[in-house]
Every structure is written in C-alpha cells, then in structure tokens.
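Novice: Letter by letter, the chains look like this.
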Amino acid sequence: MADTVIVVALLLVAAAATAAVLVRDPARQALVLSMLGLCLAVVFLVLQAPDVALSQLAVGSALTPLLLLLSVRKVRHGVRRAPRERAGARGETGKTGGTGRPGGTGDDPGGAP
Amino acid sequence: MNGWLLAAAAGLVGGVAPALWGAATGPVRRRVGAQNTATLLVCLVLMLLAQGYARPGAYLDAALLLALLGPAGTLIYARLFAAELAGDPPRGRITGALSVLAAAAVVTALCAVTPPGRATVKTVLIGALLVAGNLVSTAALRHPPGGPDRAGEAERVRHG
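Top to bottom, those sequences are chains A and B. Start counting the first sequence at 1; every next residue gets the next number (full-length UniProt numbering). Start counting the second sequence at 1; every next residue gets the next number (full-length UniProt numbering).
Chain B with its partners taken away, still in its complex shape (with noise of 0.2 angstroms):
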C-alpha cells in the first residue's frame, strides 16, 4: 500500500513540480503546453492516491472529473491564447509521448493490482479519456481555434 503513496509522491516532484515551473516562465506555448501535462500528471496522482488509500470510489470520481474537464480548460487555454500561438506554435512531441506512456503505465498497474470489477472499468475509461483528451487538446494548441483573422491578430501581436 505505501508504494502506490510513495509513486503519487514520486509523481507530484517529479512530474508537477516542473510543470509548475515551465507553466509559471517561459514562452507562452511552453506554458500552455505544461499546463496541459500537469493536468494529465495530477490525474494519473489521483489513480495512484485511490489505490493508495485503498479507496477507490469516491477518489476515482475525482480523476475521472479531471479526465473530462482538463482538456476543456486546455482548449479554453487555447482561445484565450490564441494571437501567441498562431505565431508561435508549440514544437516537439516528446512530453506528449512521455506523458502518454506514464498514463499506459500507472493504467496497465492499476488494472493488473485490483480486482475485476467497477474499479477497473473506470481506470480504463480514465486511461482512455486521458490519452483521446491529450490528442485533442495538443491538436488544438497546434493548430489554435480560429479563422484567417486570427493570423493577422498574430502579425499585429508580433510587431507591436
């Protein structure tokens, strides 16, 4: 039982903690981009702490709220930041796999440790909600919500 709580400690410095960093400095898509992790990081935390407590009803209801309503925030994120992005859009996909891989990770333990039954079904919905609202929401910070006119707001932002 204490190793689930010492891998939700484990996740919350190292995996929220720079998180925090890199959405408190830095260019904007950085930011927007390690909000977006460290929604996908706590929620994964939450699944480790259910288990970790030994109590997987009312904590899991939590993670699977965040599952829904991260990605929303995120692309709520993205209209409001939408001039920046469209100019600068964000690079590199490895925080994305590796977040990915993290959430198959603590899924596939999760589902291996508990009994068949409720629990499972709804660490699987979380798991896939968690890697189909990644997609979506990185989609989303690549490509900002948005006509044409939001490319000339960018230009404008830029030069002035």
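Just chain A, with the same shape it has in the complex (with noise of 0.2 angstroms):
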C-alpha cells in the first residue's frame, strides 16, 4: 500500500516536470512550477522526510513565485520602455511617422512610472 503511494507520487512528479518544460510562456510556467514543488513536497513526505518537504513547501509555494512575479515584471517593464528610449534617441521621426507599432503607440497615453 505504501509503494502505491510512492509510485503515484513519483508519476506526478514525472508529469508535472514535463509539463513545466512543454509550457512555453515563463509566467504560466510559473504556475506549473509551483505544482511541481507540491508534488515534490509530497513525494519527499512519501519517503518519510517531513523535514524535507517541509522546507521544499515553503520555498516552493512562496518564495519561488515572488521571485518569479519581480523579475517577469521588470523583464515586461524594460520591453515596454523600449521602443519608446528608441523613439527618443531617434528625434521626432519616431512619434510624428507611425511605425505602426500597436504597443509602442499606444502606452504613451498610459503613463510612464
């Protein structure tokens, strides 16, 4: 009984891996690298090391995703303050032509921080 426990454990750890690797986008990955600490959290508690997963639940429900939400927001932050250091370097061109850029027009209006 105890090995089916094991066995199911470790089968969600094998999924749930590959399923980190196969989404592409690292903010949704985030999301499925937390189910991966979940399962972990369990498979080291499955194999009697509550100490073990007590620490990879509180590193893993917690810590990981702030770390992720600070430097995916200021990975979106610099791609958004891009175009507009290019248009500025670049003279009035860049604002008076239309680069037909959707992103690049359109934030001007929403404020810069």
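Among the hints, a few may not be true.
[Said to hold, decoys possible] Interface residues of chain B toward chain A, partial, derived using beta-carbon atoms under 8 angstroms:
1) Ala38
2) Ile76
3) Gly96
4) Val100
For the record, the hints were derived by calculation from the structure and aren't laboratory data. All C-beta atoms, glycine included, are put in the ideal place defined by N, C-alpha and C.
Both chains come to you apart, so use the hints to assemble them.
Specialist: See below:
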C-alpha cells in the first residue's frame, strides 16, 4: 500500500516536470513550477522525510512565485520601455511617422513610471 | 491504517492530477484556479498521509505550513496575472464549493478518529485555515489587486 502512494507521487512529479518544460510562457510556467513543488513535497513526505518536505513547501509555494513575479515584472517593464527610448533617440520622426507598432504608440498615454 | 493511505492515493490521482492538467493548459483563469485548488488538495493529502503513517507530529506541521502559505502564493499569482484576470475573471463556484466540502469531510473524519489532544487542535486549525484561505484567494482572483489603471492594461493586453 505504501508503495502505491510512492509510485503515484513519483508519476505526478514526472508529469508536472514534463508539463513545466512544455509550457513556454514564463509566467504560466511559474504556475506549473509551483505544482511541481507541491508534488515534490508529497514525494518527500511519502519517503518519510517531513523536514525536507517542510522546506520544499516553504520555498516552492511562497518564495519561488515571489521571485518569478518580481523578475517577470522587471522584464515586462524593460520591454515596454525599450521602443519609447528608441523613438526618443531617433528624434521626432519616430512619433510622427507612426511606425505601425500598436504597443509603442498605445503605451504613451498610459503614463510612464 | 491502510485506508488512509488509499484515500491519500485516491486524492492524488483524482484530485491533484486533474488540477495539474488544468494548471498546464487552458486560459489563465483556469490555470490559476487549478493551482489554488491543488494547494488545498495537497494539504488534505498531507493530512491523510499523517494519519496513514500514524505520525501526526511533523507530518501535520507540513500541512499547517501549506495551509498558511498556499493562499499567499495564490495572492502572488493574482498580482502577477492581474491584467489577464481583470479582462477574463474566473467564473463558476463549483470547484471552490467541492474543495471546501472535501476539506470539511477530511477534517471531520480525522477528528473522529484521533483521540482529543494537540493533533485534534492542529487538524481543526488546518481546516479553518484552508476554508478561510480558499475564500480569500477566490475573492482575490475574482477581483484582482490593482486600481483602474489595471483595467486599462487589461484592455491593452486584449487588443495588442
């Protein structure tokens, strides 16, 4: 009976890890990554290592999402700011010409930080 | 004793595996909701395993930690996906109601079996934390944090 639980938990870890690799968007990947952390915690507990499961839960359910939230936000802000900086370096032609990029032009009235 | 382990395995197969599928595919509202549900289900599985191995001390601590930190993680995800969730909020309340019912059933069964003591108090505390955390995180997913500028960002995400 104990072996059944171990096998099920290991299969779940394999499935979660595969799904984490197959999902491509980093923000959505964070969700699958936290699922992988939960499955790993179950595996550690089933293998009679509750301390390891405790630390895995603490890291996987709170710290990893926070780290990914901060880094994804920083990357998005960098991408959003990049076209405006390029237009500013080019002069007025970038603004009046209308490069046809909706992200760059629609972002201007939104307000910059 | 084996019945508890069997229930834990059934919870893993019938609860956590579909939640994993839901978190890996589909729209963002389903992914975040599935991750929230999986946190609660894994917490219940940990409680069942603690009873199954007859070692409620350290095993219940893991479940208590997960009941505390799981909703915090969901709040972080509500912040991360605020733009997508504002444009396409989660619907339906069946999953939340079912998970709360499952939590109530597991906590009641564990309380009926264990002799009164520290383990009972811990079990009831975990159950209360699970239900309260589920309510808080569901509300946060339906009304994601952020002001009116978030709605503008959602519009931009939908159109661009």
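Novice: Do the numbers back the hint for B:Ile76, that is, is its least Cβ distance to chain A under 8 angstroms?
Specialist: holds, 4 angstroms
Novice: Under 8 angstroms is the threshold here; is the Cβ of B:Ala38 close enough to any Cβ of chain A for the hint to stand?
Specialist: holds, 6 angstroms
Novice: Mind checking the CB of B:Val100 against every CB in chain A and telling me if the closest is under 8 angstroms?
Specialist: violated, 19 angstroms
Novice: Against chain A, with CB atoms and a cut of 8 angstroms, does the hint on B:Gly96 hold up?
Specialist: Violated: closest Cβ of chain A sits about 18 angstroms from B:Gly96, beyond 8 angstroms.
Hints 3 and 4 from the earlier list are contradicted by this structure; the remaining hints agree with it.
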